[in-house]
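All chains, full assembly: derive it from the sequences and hints.
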Amino acid sequence: MPVANTAARNAVVAAYIAALNAIPDGTAENDGVAAGRAAARAILTARLNDGSGSPHTPAYTAVPAAGVYVSTVPFGSAAPQFNHWSATRPFVVQSATQFRVPPGEIFDLSSDAYADAYNQVKDLGDARTRGARPDSPQSDIARFWYHGGVDWQANARLILPGFNLDAWGQARALALMSVSMADAGIANAESKYWYTFWRPVTAIRWASDGNPNTQSDPSWLPFITIPPYPDYPCGSTGAAGAATGALRLVLGTNHAPFTRTVNVPALPLANQMWPAGLPGVPAKAITRTYSSLSNALNEVGRSRVYAGIHFLEGCQAGGVQGEMTAEYIYPRILQPVD
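Counting along the sequence shown from 1, when you hit position 226 you're at 226 in UniProt numbering, and nothing is skipped either side.
Certain hints may be false.
[As the list claims (entries may be wrong)] Once the Cα atoms are required to be at most 25 Å apart in a straight line, the calculated DMTMM-like pairs of lysine to aspartate or glutamate come out as:
# : residue 1 : residue 2
1 : K122      : D209
2 : K122      : D112
3 : K122      : D135
4 : K284      : D50
No lab work stands behind these hints, which were simulated from the structure alone.
Below you can see the structure in the form of structure tokens.
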């Protein structure tokens, strides 16, 4: 088990023991423990054979063509993954297709919308641009959300103490958020592999897409390693949309400020292609402050453009998909009781 996971597990076990020690021994304590264990067993049993066992097989393949997602290796982190995650049974939503996002304007490679999105990520997400300005706000935002900022469990634990919620209330908030993120992830994978839209690195290095307002660059590289699945919609904003959507519903407000510090590793990452002659970017601690949930969600979308790994429209579509998933789930499970 990784060191970080071991530390987290030990912290949970210590908190569990402390909570039990605060309760007098007897029937009430024993019945409570039994109920909790029964609930855990029920969840584990319910998720047996839920379709999540083979998310990457059979392997995704595609004939290279303009607009079509293909493996981004050696520019990306791995061969295509999660092409069968949509076969996973959702927790609450009716099917993986229920919240499929509509087609993007950028799918029309001859359009102004595509040219604008192309040139935006080509400029802002270029490793040469970001690497030359390693401490700029854009570079910090890209690294913060790629390395740890997307841990919405950690973000929520910073947010929830600011509200009048007891332990049960906080547990309910985290559960609603987690289920929303899980189902949004299934929907997101379905949409990604339904549309199979190419990543910026493939688009920008492509010889010609037929749009007079784009200019290919066969030497272009993204600032951060590309995840191994299609561009549209963005998975990180899908998760963030689900998380912020669930929290907004639970808390009854969008105003949920938080500050988070993330220790980000040096660039280039292991096996990451990096522009020749460009110095590496050292590791650092990055602190970001957010005034609201929507403020954080919007920045997640921009971060993927600054990282050079997404077109902006896909980021926006992912956020909407995540929010819609949370809005569907919220009134259907874990309702308060008198």
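Verification of the hints:
no.: 1; hint: K122 - D209; in the structure: 14 Å, holds
no.: 2; hint: K122 - D112; in the structure: 15 Å, holds
no.: 3; hint: K122 - D135; in the structure: 19 Å, holds
no.: 4; hint: K284 - D50; in the structure: 40 Å, violated
Going down the numbered hints, you'll see the structure goes against just number 4.
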